[in-house]
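Enquirer: Each chain is listed here by its residues.
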Amino acid sequence: MTSQEAQRTSVGVPRESTPGERRVALVPGVVERLCAQGLDVVVEPGAGQAALIPDDAFTKAGAHLGDPWSADVVVKVAPPSAAEIAKLPRGSTLLGFLAPLTDPDVVARLREAGVTGFALESVPRISRAQSMDALSSQANVAGYRAVLLAATECTRFFPMLTTAAGTVKPASVLVLGVGVAGLQALATAKRLGARTTGYDVRPEVADQVRSVGAKWLDLGVSAVGEGGYARELTEEERAEQTQRLNAAISGFDVVITTALVPGRPAPRLVPAEAVRRMRPGSVIVDLAGSAGGNCELSEPGRTVVEDEVTIAAPLNLPATMPEHASELYARNVQALLELVLVDGRLAPDFSDEVLAATCITRSDPGEGHP
Amino acid sequence: MTSQEAQRTSVGVPRESTPGERRVALVPGVVERLCAQGLDVVVEPGAGQAALIPDDAFTKAGAHLGDPWSADVVVKVAPPSAAEIAKLPRGSTLLGFLAPLTDPDVVARLREAGVTGFALESVPRISRAQSMDALSSQANVAGYRAVLLAATECTRFFPMLTTAAGTVKPASVLVLGVGVAGLQALATAKRLGARTTGYDVRPEVADQVRSVGAKWLDLGVSAVGEGGYARELTEEERAEQTQRLNAAISGFDVVITTALVPGRPAPRLVPAEAVRRMRPGSVIVDLAGSAGGNCELSEPGRTVVEDEVTIAAPLNLPATMPEHASELYARNVQALLELVLVDGRLAPDFSDEVLAATCITRSDPGEGHP
Amino acid sequence: MITLRSVLYILAFALFIYGLMGLTGPRTAVRGNAIAAAGMAVAVVATLLTPGLGNWGLIALGLVVGTVIGIPAARQVKMTAMPQMVALFNGVGGGAVALTAWVEFRENPGFQGEPAFVPIATLFAAIIGSISFWGSLVAFGKLQEILPGRPIAVGRLQLPLNVLLLVGAVACAVVIGLGSDVELLLVAVLVLAGLAGIAVVLPIGGADMPVVVSLLNAFTGLSAAAAGLALSNTAMIVAGMLVGASGSILTDQMAKAMNRSIPSIIAGGFGGTAAAAPVTSGGPVRSVSAADVAIQLAYAGQVIVVPGYGMAVAQAQHAVQDMAKLLVDRGVGVAYAIHPVAGRMPGHMNVLLAEADVPYEQLKEMDEINDEFARTDVALVIGANDVTNPAARNDPSSPIYGMPILNVDQARTVIVLKRSMRAGFAGVDNALYTDPKTAMLFGDAKSSVREIVEELKAL
Amino acid sequence: MITLRSVLYILAFALFIYGLMGLTGPRTAVRGNAIAAAGMAVAVVATLLTPGLGNWGLIALGLVVGTVIGIPAARQVKMTAMPQMVALFNGVGGGAVALTAWVEFRENPGFQGEPAFVPIATLFAAIIGSISFWGSLVAFGKLQEILPGRPIAVGRLQLPLNVLLLVGAVACAVVIGLGSDVELLLVAVLVLAGLAGIAVVLPIGGADMPVVVSLLNAFTGLSAAAAGLALSNTAMIVAGMLVGASGSILTDQMAKAMNRSIPSIIAGGFGGTAAAAPVTSGGPVRSVSAADVAIQLAYAGQVIVVPGYGMAVAQAQHAVQDMAKLLVDRGVGVAYAIHPVAGRMPGHMNVLLAEADVPYEQLKEMDEINDEFARTDVALVIGANDVTNPAARNDPSSPIYGMPILNVDQARTVIVLKRSMRAGFAGVDNALYTDPKTAMLFGDAKSSVREIVEELKAL
Amino acid sequence: MFLADLAILVLAGFVGFAVISKVPNTLHTPLMSGTNAIHGIVLLGGVLVLGSGVDDLGSQLLALVAIIFGTINVVGGFLVTDRMLGMFKRKPEPARKDAEK
Amino acid sequence: MFLADLAILVLAGFVGFAVISKVPNTLHTPLMSGTNAIHGIVLLGGVLVLGSGVDDLGSQLLALVAIIFGTINVVGGFLVTDRMLGMFKRKPEPARKDAEK
Ligand SMILES: NC(=O)c1ccc[n+]([C@@H]2O[C@H](COP(=O)([O-])OP(=O)(O)OC[C@H]3O[C@@H](n4cnc5c(N)ncnc54)[C@H](OP(=O)(O)O)[C@@H]3O)[C@@H](O)[C@H]2O)c1
Ligand SMILES: NC(=O)c1ccc[n+]([C@@H]2O[C@H](COP(=O)([O-])OP(=O)(O)OC[C@H]3O[C@@H](n4cnc5c(N)ncnc54)[C@H](OP(=O)(O)O)[C@@H]3O)[C@@H](O)[C@H]2O)c1
Ligand SMILES: NC(=O)c1ccc[n+]([C@@H]2O[C@H](COP(=O)([O-])OP(=O)(O)OC[C@H]3O[C@@H](n4cnc5c(N)ncnc54)[C@H](O)[C@@H]3O)[C@@H](O)[C@H]2O)c1
Ligand SMILES: NC(=O)c1ccc[n+]([C@@H]2O[C@H](COP(=O)([O-])OP(=O)(O)OC[C@H]3O[C@@H](n4cnc5c(N)ncnc54)[C@H](O)[C@@H]3O)[C@@H](O)[C@H]2O)c1
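Protein chains in written order, with this note's numbering: chain C, 1 to 370; chain L, 1 to 370; chain F, 1 to 459; chain A, 1 to 459; chain Z, 1 to 101; chain S, 1 to 101.
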């Protein structure tokens with residue numbers, strides 16, 4: 001069954017092919033709203049399976065099962081593989097994480113294929129666009145899951161417990177890089193009863209760290225970049241930071257790192273030496289795995305034990321909580337779709353600040369645009 | 001090297017052989033105290049490895065490495081295998097979980113081998129013996145880990161989160177059987193932000209459930225047994241309970257079951273039908289796996305997905321947090337050891353209420369004792 | 001007769017005191033006022049029992065005319081015009097004292113044969129009464145905006161002018177006290193004191209007028225007490241002194257609540273520098289005390305709490321929940337409006353409010369609650385800023401234009417708790433704060449909420 | 001001279017009032033007492049300025065003898081004997097009133113030529129003064145344990161007896177008031193009233209004595225005011241009435257704090273049924289109010305909070321932390337003693353206190369803190385029972401014998417918050433509760449702690 | 001007599017001080033207005049002076065105005081106060097009606 | 001004169017009522033003791049009566065005892081109150097010394 005049904009704009013939801021990707025770009029709740037807006041949603045059979053969302057939940061919501069690739073708009077989570085791009089008809093539109101900064105190949109292939117691509121990574125971080133900000137929504141999931149992962153890997157309790165068999169001291173948790181994921185990690189660890197400390201190069205984060213009940217680790221290095229992100233550090237700054245962090249890290253039971261600089265390799269914050277000085281049984285969770293990792297000993301995608309310290313560097317934590325991660329993602333996609341569609345028809349206004357930033361390839365390139 | 005060093009009573013700590021058992025019967029901190037009391041502690045090399053406790057931590061604490069089996073007292077975690085019992089010299093003493101009610105073979109073999117066995121499961125639940133109560137200390141670990149496990153398996157958030165990408169409702173967690181593990185599970189789930197509800201057959205538990213901020217599920221079935229434990233239900237009571245629970249369960253995202261009746265198969269609280277009625281993506285953690293499980297679909301020792309519901313029935317959750325579980329266990333062992341030893345020599349007073357209950361085999365059987 | 005009258009006087013002032021006690025608490029205030037009024041009726045009846053009272057016709061005429069003027073005036077005045085009405089009533093009270101003193105002088109020029117305290121008390125009453133009358137009229141004019149609200153002064157001459165007028169009035173009074181029976185002197189006393197009243201109040205800014213009225217009120221009380229002394233009338237002494245004492249304490253509290261001090265306000269009247277109330281940056285901002293917030297909340301039917309990043313920074317969540325519980329206990333409906341991007345991370349408010357054990361049922365999403373604001377008595381904004389900024393709705397040039405916001409501005413009253421007028425994350429000013437129905441309670445959110453809790457408990 | 005005296009009298013009673021205001025708050029009480037004493041000095045000096053005063057020698061003698069007796073009596077009395085001392089001082093005050101009335105009668109038998117209110121006031125003073133004198137002596141005897149503390153009554157005859165005595169005293173007084181000048185009648189008044197005082201106080205139980213003393217204190221105040229009226233002495237009128245009014249309010253508050261009511265206590269004096277204070281099960285238990293707990297905590301140097309299952313059931317953790325914060329702000333050291341098995345699951349207290357954001361540093365393990373108790377001013381036990389039960393240490397037959405417990409009983413003062421005298425998990429009674437240094441604050445732990453918080457804030 | 005009056009004055013002052021402790025801002029204006037009405041007691045002064053047999057027309061007029069002023073002060077004052085207190089008349093429904101679930 | 005005294009009496013009563021609002025239990029006994037000392041004012045009665053020229057020996061004796069009693073009441077009362085208030089003299093150290101970390 002193809003999607004040429006009536007005159008309605010069709011939205012295709014493929015089943016994700018990337019290994020370990022359990023998310024799906026739309027969830028039944030959002031499908032229902034899109035259908036109510038007159039869109040025709042085509043879901044690939046089994047698209048929600050990894051997220052434990054059965055196909056009939058989608059059909060009950062108004063979608064039908066079929067080939068998603070021939071739809072007017074295809075919505076995805078992970079960046080499309082070459083094979084997937086090949087399935088996209090020329091002139092079609094693709095929404096999803098497209099890795100514009102980290103994997104330029106995708107952009108090149110999409111341009112070649114004549115597909116208009118909207119990259120969710122590129123949504124500007126302005127107040128109005130927050131509902132489309134999938135980086136935030138997924139980082140939030142990642143921060144929460146990182147703490148669960150750390151607590152699971154840890155050989156010790158997070159909370160303090162005074163019991164008949166002795167008193168267990170609370171775990172101390174350090175979060176390096178306190179963006180969205182880091183804040184959520186701090187808050188979650190605090191909830192579980194740990195003592196929490198946060199560190200970031202941007203000084204305004206200190207108040208935010210305190211606002212989730214954590215302590216601020218002040219190392220005296222500041223590096224504010226553009227658009228609310230951090231900048232890369234200079235050589236001396238990095239040396240200084242590394243040395244001071246080195247000293248601080250060994251006192252913690254759990255270190256969660258989330259430090260990223262957009263488009264750059266992740267800063268190396270936890271050297272091997274610091275790991276060696278940690279107590280046996282401690283845990284490091286490195287969320288910067290996809291950008292190379294913040295810890296020298298991280299092996300992105302794997303969990304290793306070095307010197308009795310467990311180092312986990314999961315590549316795609318949000319995918320481990322697929323239903324809610326998908327739900328939040330789907331809402332971001334919905335918000336962006338609503339901007340792209342006018343009266344149910346594809347009519348992106350490329351002068352809009354958000355779309356201008358988000359659109360990375362155009363089937364009919366407008367003036368002065370890539 | 002054997003343990004006949006000087007005249008000191010020797011305590012042997014073997015490396016656990018049961019698959020998945022990551023705990024160790026003594027930890028360096030407790031070893032230090034025992035050595036200070038004049039005991040000679042022999043630790044099998046690698047005994048702490050699975051708990052990420054290096055051998056030199058034990059030797060630094062005053063133990064020496066060697067063959068633990070020939071010691072005067074051997075302390076273990078898991079019940080000994082036939083091969084292990086064979087290594088015990090006649091007249092020696094063994095402390096540990098010995099499964100007196102669930103695995104009578106162990107008792108028989110120990111009696112045959114002429115070993116005095118103290119079963120930690122049999123410590124009476126009186127105020128004075130609380131420091132030896134390993135069931136409590138390990139159940140406490142299990143309750144905490146059960147929530148981490150449930151949260152990890154769950155496709156959804158536990159806490160409520162209002163975000164730019166929509167609001168996530170808090171998970172609702174039901175704990176069936178609220179003993180020590182169940183209470184800790186309720187408390188931990190609450191900490192993580194879930195709405196919590198508890199159910200037990202003993203009515204006095206209602207207040208305890210509320211005392212950790214949870215709601216009490218009142219089904220109107222009460223079954224108080226002896227010694228603070230529950231009794232088995234009658235046929236009608238069970239039918240009544242099952243039917244009412246059936247109705248209640250389907251509304252929860254997470255169900256954690258811990259219901260046990262000492263020496264009896266675990267009550268079946270969650271029938272297959274109830275699982276089918278749960279929302280896709282829900283999770284059941286069944287802590288009664290070793291007694292057959294509280295959920296009809298549990299496969300003890302495995303995690304299965306049935307009807308989009310994840311059912312985990314771990315057999316030995318405390319072992320997944322080996323350092324602290326071992327530490328608490330070691331303190332229980334220490335407390336019991338202190339009762340068994342008088343002035344550093346083995347001299348158990350079998351008229352003592354605690355020892356009388358705990359001792360399951362005697363190398364020189366006293367009058368009227370097994 | 002004289003004994004009954006005296007006993008009635010004692011009854012009357014007992015009622016005044018009892019009524020006044022009632023007036024200081026929100027629960028008893030209405031009844032307190034009624035009791036005090038009853039006391040007044042008793043006092044009037046007692047006075048009419050005075051043996052040998054004459055001029056009945058005129059007395060009745062005065063009472064009737066006064067009533068006929070007073071009732072509609074009090075009934076018809078708009079709620080917003082209440083303060084000027086009080087100023088006016090206070091003024092006529094002062095005028096009555098001054099006139100009575102004048103008549104007394106006319107009846108016994110030079111106070112022949114009276115002990116010394118009679119002329120002293122009478123002249124004191126005349127001076128203060130006249131100041132109060134004319135000062136109150138000016139205050140009325142300013143509040144009613146007949147006169148301009150800004151300070152009207154003669155610059156550096158203000159101080160000598162005022163002093164001259166006052167010294168003149170006192171000097172004339174002294175001459176009378178020493179035995180003179182020239183009526184012109186008394187008229188001079190009244191005129192000079194009246195001019196002094198005018199000259200002192202005119203240079204004070206409109207914002208300070210409520211405090212000035214309260215001060216003049218206490219003055220009138222004192223003058224009434226003095227008149228009572230002169231007439232040896234117990235009821236007048238007690239009632240007057242009661243008002244003088246309680247009025248001065250009240251004035252002090254009012255001034256404090258407005259971050260002003262009485263001396264600096266009066267200094268303004270004498271041409272001092274601290275003339276005008278401090279101007280807060282960017283438009284008139286109304287700041288209130290925790291006690292007021294407590295009363296507004298306690299007597300509301302429905303309150304919506306809007307938490308923001310400031311609540312998180314102050315870690316005020318526990319205090320907020322304490323407050324909400326007290327309100328719920330009083331039967332006030334309480335809900336929390338959680339904006340999707342309040343705070344600095346997704347779910348920031350949830351984490352904190354869960355920690356404080358706020359029932360999930362009370363947390364409402366934006367879409368769910370936005371229509372409720374219009375039906376809400378008080379929206380209590382705790383350290384939130386951007387998420388309540390109406391510019392997101394109506395100012396296309398604002399960087400937050402287009403962001404959905406909480407309709408806080410549609411609530412009947414808005415109370416904002418923050419430390420200053422500083423902007424939030426987006427760095428833009430918030431017009432909500434200068435909205436006339438918005439009141440600001442400045443300070444760290446946790447301390448502020450704690451104070452509110454304390455006040456709620458005291459209600 | 002007369003004017004100076006009157007002015008000094010006014011000054012004196014102003015000082016009394018000001019001092020009394022001070023006496024009602026812990027911060028100002030010491031100074032308030034001193035101010036009142038200064039007022040008394042002024043009043044005495046003023047009286048000595050009375051023109052035409054004679055008998056100087058005797059007056060001086062009286063003052064000196066009184067001082068010589070009073071100072072050492074007040075200085076040397078043990079702190080525990082204070083209440084009976086107050087009873088005694090109150091009694092002699094009443095005696096002075098009665099004696100003065102007697103002398104007045106002797107000097108002017110039949111109150112010839114005086115307005116009616118003089119005999120009335122004098123006789124009122126005589127009756128009340130005599131009741132107060134003898135009643136106070138009985139109260140003193142009971143408190144000092146010279147008399148048995150239990151009610152001493154004549155059974156069903158008590159009511160008629162008491163009424164007879166009182167009616168007799170009043171009847172004799174009426175005869176005098178009607179003009180009789182027979183001294184024996186006045187003596188009869190004094191004797192009958194004195195007997196009535198004795199007869200009413202004897203049947204009241206020792207536990208109610210403090211309330212009775214307070215009531216007699218208010219009576220003495222009233223008699224002083226009456227004496228003042230008779231002598232037309234402003235200072236006596238004001239001071240006496242002040243004590244009469246404030247004393248009766250105070251008595252009411254005292255009775256309430258002890259869960260008693262004044263009418264039922266007095267009824268006891270007349271042989272009513274509600275004679276004795278309620279006996280709490282199993283030994284004398286001292287129960288206190290939240291206000292007292294607050295004061296004890298606020299003025300302590302070191303406080304240890306001992307939470308137990310009751311805190312969990314009441315979910316009082318947030319309130320407890322609020323309280324601790326207030327104490328720390330006042331400079332009081334606060335620690336939490338966490339017993340290993342407090343609550344119903346391992347780490348129960350930790351979970352709750354972490355939820356309430358108690359800093360981990362304040363949580364102390366049993367071994368760490370057990371020696372601290374002996375150096376601690378107040379141990380505040382919140383819903384804990386078994387873990388504080390000394391039977392675990394010293395009663396081998398107890399089911400909890402051998403369990404290590406918190407050394408709560410070694411603290412200087414112990415305050416226990418729970419709902420009743422019921423046992424805890426182990427089902428055994430706790431001797432801690434009947435320890436003389438233990439005070440119980442009954443009620444749900446959360447409400448109790450909240451009340452304490454409120455009181456702390458008001459201090 | 002004067003000294004008794006002085007004592008009364010002082011005592012009344014104390015009562016005034018003691019009665020007003022901390023008044024919430026919202027009650028400031030009503031309280032001011034209420035006390036304002038109380039000092040309308042000056043109307044008694046006018047009545048007494050006029051009633052004591054003033055027969056000079058000017059004096060009569062002055063006293064008449066004084067009475068009128070005083071009466072306005074009293075009547076208007078109490079009425080206005082009562083209106084201001086309107087907010088406190090609608091009492092919140094008997095608590096715990098739809099209290100926390 | 002009597003009526004002025006009565007007015008004074010009533011006012012003093014009001015002051016007494018208004019001054020005592022809610023007193024913490026711990027202050028009940030000191031406050032009782034303090035007021036007790038104040039009513040020692042009765043000593044003035046003894047002084048005035050004796051000083052007014054009593055010359056009958058019996059009366060002199062009675063008045064003397066009255067003065068002694070009154071003086072004991074005053075002197076002992078204030079001193080005992082002061083001792084009771086000992087606890088409030090040691091003021092807690094200036095707050096926030098070793099405040100929460
Ligand atoms: N939720 C998210 O995921 C997320 C992430 C990043 C950014 N943001 C942005 O953050 C903003 C959130 O809005 P918001 O209204 O919650 O916060 P906001 O606009 O940043 O305003 C917070 C206000 O709280 C006040 N405040 C700070 N500390 C205080 C204290 N201790 N006591 C009392 N008040 C205090 C500040 O005013 P004073 O200084 O005057 O006290 C400030 O104006 C939005 O602009 C949103 O776009 C949100
Ligand atoms: N920690 C563990 O792992 C564990 C497990 C099982 C059993 N236990 C046992 O539990 C006991 C723990 O000792 P504990 O001292 O914490 O508790 P406890 O001995 O059980 O005493 C708790 C006390 O709290 C009072 N209470 C209950 N609800 C209250 C409320 N709402 N407000 C105020 N007071 C309230 C009760 O007195 P009223 O009724 O008079 O108010 C009761 O006496 C020990 O015996 C221990 O052996 C512990
Ligand atoms: N206004 C909005 O609408 C909006 C929405 C979402 C996020 N934001 C803001 O954007 C910012 C970036 O958030 P993010 O989570 O995407 O960031 P990110 O994932 O890019 O980086 C994570 C964190 O690492 C930190 N970091 C980088 N280099 C570091 C180093 N060498 N050492 C230590 N820390 C280092 C960064 O400062 C950042 O806080 C946050 O401040 C967030 O509040 C704003
Ligand atoms: N006094 C002490 O020293 C002490 C120490 C530890 C535990 N205890 C008490 O012992 C009791 C047992 O604790 P435990 O954790 O070892 O219990 P457990 O592990 O034996 O059983 C777990 C729970 O399952 C419940 N259960 C049994 N059958 C059920 C059914 N059909 N439906 C629902 N629930 C069912 C039991 O009531 C119990 O609460 C608890 O009350 C605990 O407080 C006392």
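Simulated from the structure, these hints should not be mistaken for laboratory data.
Wrong hints could be hidden among the right ones.
[Said to hold, decoys possible] In silico lysine to aspartate or glutamate, EDC-like type, Cα no more than 16 angstroms apart, as pairs:
(1) A:LYS78 x S:ASP82
(2) A:LYS325 x A:GLU454
(3) L:LYS169 x F:ASP435
(4) C:LYS215 x A:GLU454
(5) A:LYS325 x F:ASP367
Enquirer: Hint by hint, say whether it matches the structure.
Expert: Cross-check of the supplied hints:
Of the supplied pair hints, the one linking LYS78 (chain A) and ASP82 (chain S) holds, its CA atoms being roughly 13 angstroms apart against a limit of 16 angstroms. Under the criterion of a C-alpha separation no larger than 16 angstroms, the hint pairing LYS325 (chain A) with GLU454 (chain A) is consistent with the structure, at around 13 angstroms. In summary, the hint linking LYS169 (chain L) to ASP435 (chain F) is not supported, as the alpha carbons are separated by about 35 angstroms, beyond the 16 angstroms threshold. Restraint check for LYS215 (chain C) and GLU454 (chain A): not satisfied, since their Cα atoms lie roughly 30 angstroms apart, outside the 16 angstroms limit.
This hinted pair does not check out: LYS325 (chain A) and ASP367 (chain F) have alpha carbons roughly 38 angstroms apart, beyond 16 angstroms.
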